[in-house]
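Trainee: Protein chains in written order, with the working numbering: chain A, 567 to 928; chain B, 1144 to 1293.
The set of hints was computed from the structure by calculation and includes no laboratory data.
Where is the CB? At the ideal position from N, CA and C, for every residue including glycine.
Just so you know, not all the hints are guaranteed correct.
Derived contacts from chain B toward chain A, CB cut-off under 7 Å, selection only [what the hints assert, rightly or not]:
| no. | residue |
| --- | --- |
| 1 | Cys1163 |
| 2 | Ala1164 |
| 3 | Ile1253 |
The residues making up each chain are set out below.
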Amino acid sequence: LKTLLLLTALVYLCATSSIIAEPYLAVREGLKCSACHTNITGGGKRTQMGTGYGAIDLPWKPADLESQKIPHYFSLIKDLLSIGADFRAFNRSTFSDGGSETNTFQTDKSNFYLQADLIRDRITFYLDETIAPGGAQTREIFGMIHNLPGRGWIKAGKFIHPFGLRVEDDRAFIREATGFNFNTPDTGVEIGFQPGPFTLMASITNGTSSIVDNNLSKQFVGTFGYVGDFFRVGTSASYNDAVDANRRVHGGWAGFRIKDFVFLGEADWIWDEELTRDRDQFVTYAEADYEVIDGWNLKVAYEFYDPDRNVDENERDRVITGVESFLTSFVQLQLFYRFNQSIPQNVPQNADELLLRLHIYF
Amino acid sequence: MKTRMLFMLLSAGLLFFFGCAGSGAGLDENGNPIGSDNGGSPVPFDPTFTNIQQNVFNRICIDCHVGIAAPEGLRLDAQNSYANLVNVPSQEQPDLLRVNPGNPDLSYIIRKLEGGPNITGGQMPLDRAPLDPQTITTIRLWIAQGALQN
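Assemble the whole structure, with the sequences as input and the hints as a guide.
Mentor: What follows is the structure, given as structure tokens:
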């Protein structure tokens, strides 16, 4: 059955097109994350350009917003106060040779955004509140001074670290194993510059995933990259030291596009030193996307994870393939199949998954 | 047409690597070497914190919940686990304590381990088989008995 589904996915690839994680959109358009997101390092609320792109340019059949007098950017007081949101719900099936099969409906991570431009193009207050599932939780909240020399900015508050490709899937090995994902914001200060095609950003945070900091140690994260029209490449590094443990993460990432095709990749090395256990990990991510027609995309991605390089035969890998469509303004539908492979004795990690997801955004 | 061929070739190249997962030789179901401190099959244990540390946290949880970047700041190594669990509000649902001494039903750790409908995120341990009911019952009992550092 696995082989049949894999072949089916390949046939789809031959016949149609691609997509899923959001960085591919930036690569396709040859733009930096800040072109479409208020948070300069990417993710969360969209800018006026970002919502326009998502509501008008991206969809297969965009709604006639103008005749219905529906704004694509929801704002007040001459755009000084604006809101946005992402809502996701999905149905997930798992298939396992040796275990039980499951099917479940769930609300996925859904967020509400508030942006107040206290001084236009200079000082911004930003709130990103996770409203589902479970109780409300602040994901990001910060004040930001921007449009500084060198297209620079300073951000202070709680935010997601500027590390690697900010793919939307937190379960991607490069996001889960490194600990740099949408679930792990931290509190501190970030400074960055975007002169010309270059991006340079660095942050200093508590290094405790926003738990109360009870020591003098801090986490340092930095990213340097080149973002061209057709090609981008960069490197990220993190150093987090505490009394009884430290973690270093180094990685490289790249992306390029050829016509309607986009390719992304990232590799990260993780070194943990603990009082009781040291561990070296290695993760990779590679993704290919193809836009067949406007609003319809195909994607295939490969992930590899070595959870401990000092232990043999413990590696995991997976292939994700599927189709997604921005059907109309504010609506995205995704259908993905995830082939998981792990050590045979770990049955759940070998279960394949079928995911059908609805995403409402503005 | 050439571009589509290139895409297909590169995509096939990605898929070529699929199957690089380890054989699991010499490892237990958690990927720990058999015979190591953390490896081997689980055995029933009495409801003490020391036993839970050895049989659950050390064997399973600290693959992720360890070190400075532990998810939700929840470090479950022996040096940090008790202080991070007992009477500490959950990061995901701050209205609940991770371990509420005497109240297993109001302890978020139990909800996460049992995969209750009101949890945030996935059931623990993530991407692995749920803990067997007997182990969860033992953890419940430890909490019901006051969640002592015994």
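Trainee: State for each hint whether it applies.
Mentor: Evaluated hints:
1. Cys1163: holds, 5 Å
2. Ala1164: holds, 4 Å
3. Ile1253: Hint violated; Ile1253 (chain B) Cβ to chain A Cβ min 15 Å, cut 7 Å.
In this structure, only the earlier hint numbered 3 is contradicted, and the remaining ones agree with it.
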